[in-house]
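Visitor: So you can see what is in the structure, the chains are spelled out below.
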Amino acid sequence: MKLRPFALAMALATVGAATLSMPAAAQQANEQFFPLLVYRTGAYAPNGTPWANGKQDYVKYINATGGINGVKIAYEECETGYATDKGVECYERLKGKKATLIDPQATGITFALTDKAPVDKIPLITLGYGLAASQDGGVFKWNFPLMGSYWTAADALIQHLGKKEGGLDKLKGKKIALVYHDSPFGKEPIPLLQKRAQMHGFELVLLPVTAPGVEQKATWLQVRQQRPDYTLLWGWGVMNSTALKEAVATGYPREKLFGVWWSGAEPDVKDVGANAKGYSALALNPHGTESPLVKDILKKVHDAGQGSGPRDEVGSVLYMRGLLIQMFAVEAVRTAQAKFGQGKVMTGEQVRWGLENLNIDDKRIGELGLAGLIRPLKTSCTDHMGSTSVRVHSWDGSQWKMQPDWYEADKSVIDPMVREAADRYAAEKQIKRRDASDCNA
Amino acid sequence: MLYRENGQFKASYAADQQIFPILQDRVAIGALLAIAFIVLPLFGSEYLFRAILIPFLILALAALGLNILVGYCGQISLGTGAFMAVGAYGAYNFLVRIDGMPLIGAMLLGGLSATVIGVLFGIPSLRIKGLYLAMATLAAQFFTDWAFLRISWFTNNSSSGSVSVAGLNVFGLPIESPVAKYLFCLVVVCVFALMAKNLTRSAIGRQWMAIRDMDVAAAVIGIRPMYAKLSAFAVSSFIVGVAGALWAFIHLGAWEPAAFSIDRSFQLLFMVIIGGLGSIMGAFFGAAFIIVLPILLDQIPQWFGIPLSTATTSHLVHMIFGALIVFFLIVEPHGLAKLWSIGKQKLRLWPFPH
Numbered sequence: 000m001k002l003r004p005f006a007l008a009m010a011l012a013t014v015g016a017a018t019l020s021m022p023a024a025a026q027q028a029n030e031q032f033f034p035l036l037v038y039r040t041g042a043y044a045p046n047g048t049p050w051a052n053g054k055q056d057y058v059k060y061i062n063a064t065g066g067i068n069g070v071k072i073a074y075e076e077c078e079t080g081y082a083t084d085k086g087v088e089c090y091e092r093l094k095g096k097k098a099t100l101i102d103p104q105a106t107g108i109t110f111a112l113t114d115k116a117p118v119d120k121i122p123l124i125t126l127g128y129g130l131a132a133s134q135d136g137g138v139f140k141w142n143f144p145l146m147g148s149y150w151t152a153a154d155a156l157i158q159h160l161g162k163k164e165g166g167l168d169k170l171k172g173k174k175i176a177l178v179y180h181d182s183p184f185g186k187e188p189i190p191l192l193q194k195r196a197q198m199h200g201f202e203l204v205l206l207p208v209t210a211p212g213v214e215q216k217a218t219w220l221q222v223r224q225q226r227p228d229y230t231l232l233w234g235w236g237v238m239n240s241t242a243l244k245e246a247v248a249t250g251y252p253r254e255k256l257f258g259v260w261w262s263g264a265e266p267d268v269k270d271v272g273a274n275a276k277g278y279s280a281l282a283l284n285p286h287g288t289e290s291p292l293v294k295d296i297l298k299k300v301h302d303a304g305q306g307s308g309p310r311d312e313v314g315s316v317l318y319m320r321g322l323l324i325q326m327f328a329v330e331a332v333r334t335a336q337a338k339f340g341q342g343k344v345m346t347g348e349q350v351r352w353g354l355e356n357l358n359i360d361d362k363r364i365g366e367l368g369l370a371g372l373i374r375p376l377k378t379s380c381t382d383h384m385g386s387t388s389v390r391v392h393s394w395d396g397s398q399w400k401m402q403p404d405w406y407e408a409d410k411s412v413i414d415p416m417v418r419e420a421a422d423r424y425a426a427e428k429q430i431k432r433r434d435a436s437d438c439n440a
Numbered sequence: 000m001l002y003r004e005n006g007q008f009k010a011s012y013a014a015d016q017q018i019f020p021i022l023q024d025r026v027a028i029g030a031l032l033a034i035a036f037i038v039l040p041l042f043g044s045e046y047l048f049r050a051i052l053i054p055f056l057i058l059a060l061a062a063l064g065l066n067i068l069v070g071y072c073g074q075i076s077l078g079t080g081a082f083m084a085v086g087a088y089g090a091y092n093f094l095v096r097i098d099g100m101p102l103i104g105a106m107l108l109g110g111l112s113a114t115v116i117g118v119l120f121g122i123p124s125l126r127i128k129g130l131y132l133a134m135a136t137l138a139a140q141f142f143t144d145w146a147f148l149r150i151s152w153f154t155n156n157s158s159s160g161s162v163s164v165a166g167l168n169v170f171g172l173p174i175e176s177p178v179a180k181y182l183f184c185l186v187v188v189c190v191f192a193l194m195a196k197n198l199t200r201s202a203i204g205r206q207w208m209a210i211r212d213m214d215v216a217a218a219v220i221g222i223r224p225m226y227a228k229l230s231a232f233a234v235s236s237f238i239v240g241v242a243g244a245l246w247a248f249i250h251l252g253a254w255e256p257a258a259f260s261i262d263r264s265f266q267l268l269f270m271v272i273i274g275g276l277g278s279i280m281g282a283f284f285g286a287a288f289i290i291v292l293p294i295l296l297d298q299i300p301q302w303f304g305i306p307l308s309t310a311t312t313s314h315l316v317h318m319i320f321g322a323l324i325v326f327f328l329i330v331e332p333h334g335l336a337k338l339w340s341i342g343k344q345k346l347r348l349w350p351f352p353h
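Protein chains in written order, with numbering that gives the first Met the number 0: chain A, 0 to 440; chain B, 0 to 353.
Only chain A is shown next, with the shape it has when bound in the complex:
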């Protein structure tokens, strides 16, 4: 067999290449390095791709407009495929290049990195996902679930349902189903919903969907049997469009179906189109191309031929979310620079300080080109979330229509739960709550 020596040689060459040490990053000393963990392949790619493009476009935009007080941003993408072990590999790979902030882009990866981040001194920004308890900065020093967690999302959804019924007390005796992705992502909201069910006397029906969620016939059969008054959809990726198709097939009214903010983007409803009309979902961020920021990005990034993705994707819901995440990252570096030195590259610890002292007020929102689209956000040592404001948007058959009401998570419900969960986590990990003196450090 002639090929054998060749195969041998190839095997040897591979071993040779493997033993070579990994070359160092070709990054300049005065650049702020942001690793971008993304997934552009696999079952979650339709949702992961616009998110990733939004993140990258904002970095390019900041670089095109002179950097963060002159500090340019270096970045490198790493494909995780939404898999935890691949995500950990990416984290380890990019960490070595002086990563100063990571958006893991997946709840499972966030869980795995939460233990590693304090050791490596790299803050995690998990906008609208991750661990609900990590809102408590006293225990989760390095986690920043800005703008919301699954608990605040569930809380806002229940408030919205209460409003539709004309008061939260009217939910008594109602049946609310939760169709969820059977993973930490989908299970996180359950404790909050159970608490709310207890408070208002509605019945909660839990209907898990096995990941990735392409097979949901059995679940929707149960929906049909149980006839819940409302159904909450807690899906991601291909699970969302499948759920909507099943809802159509079983004849469940879309007006009674409410999604979390990860189930309310264009890829989720596109395939279902007009049939999904009436479906609503939380809107963590606005979408559209009218804001000055998006116009500027179109001009300075896309018109310059630098766009990370197709032009017509700009302004879509998940693209905007990626943009916002990166915006907060940049603002954190800016905040840190104001304290530790303008025009300098910030370390992971300094960026963490910046994230903890973010103060995006209305004036700053205006300067950022997002006036009226997001609400002010202010983080602190104890509150790593900053804001829980969220709206609801509905699919009218061709586009998402924003509804005017803002919801805030009810602090009297959330705070004790966060406190308890954080204390439990601290006890498990044998870590102490931070002292007040640590807050100003």
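Derived from the structure by calculation, the hints contain no laboratory data.
Do not rely on the hints blindly, as some may be mistaken.
[Stated by the list, open to error] Here are some, though not all, of the chain A residues that point toward chain B, as calculated from beta-carbon distances under 10 Å:
(1) Lys94
(2) Leu130
(3) Leu220
(4) Glu427
Yeah, the Cβ is synthetic: ideal placement off N, Cα and C, and Gly gets one too.
Following the hints, complete the assembly by docking chain B onto the known chain A.
Guide: The following block gives chain B in isolation, referenced to the frame of chain A:
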């Protein structure tokens, strides 16, 4: 030339029966161990440990366990991920529910839990063979996926279903730094590899191989199929269970059932097939091929500064990796371990072949 055993006489049974009868092999393996235990901890980077060596060692251990079942005893199993999960969650429960449970104790008990489940799901092997058995072990996979997702007792009532461990230590030594984790895995793998090698050379190993080659003939010469098959399931799932506990505790730290999904079972089966069925060495080759190669391929465009988009790179990795699997299987169906032994044969004559 270099690899000739001429002049090495064996004067005792012990000398004839040692694992590496040829001096050169002993030197090579000694050097390899010296590199693994001394040189790498001194010079290896954190990335090398955390992203490459630790996953490689742990999955090599799991592949080793699977190889005993598939390679030595001929029982195809698609439930490896399940047995890893049982090991991981078993060890987790022993660790958090019993105060003062040492890490090694928890891991071994996790391995024993996997043994129990493995034997249970191995019982059908007494009546069904080949692909049908693969289907039966697939049931183990789906059952454990379901159990660890839905029965909250196993996850200590964690609200999200994700569990984590922290503050691991062995005999008072913390297993926190990458080097400590690496050395811990290395010791476990070495101990288990030695045990597995000796098992396969012993009476029980020969029984497994007899069953693999022809179970009717084996039964005729007095081998009890039930004992042989179930012992293979027991040993295999014990090793796989310990590997699962290592994967969860040492590599991931926080995990959910998805870490041990059906994909993991397939990945391990591929490792065993590509590495070489019925070879301890093959498990390591297979693990290196499946773990390290995609990571390497993923980074090659960057080394050369080729601007490829992340998605393209990712697709290319899958394509090249798949092509390589096909290529190696065509060239050498008996796996990389066979290639290795061919290489050794050639080296005996090199550089003056006939």
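Visitor: Determine for every hint whether it applies to the structure shown.
Guide: Comparing the hints with the structure gives:
{"no.": "1", "hint": "Lys94", "result": "8 Å, holds"}
{"no.": "2", "hint": "Leu130", "result": "7 Å, holds"}
{"no.": "3", "hint": "Leu220", "result": "18 Å, violated"}
{"no.": "4", "hint": "Glu427", "result": "7 Å, holds"}
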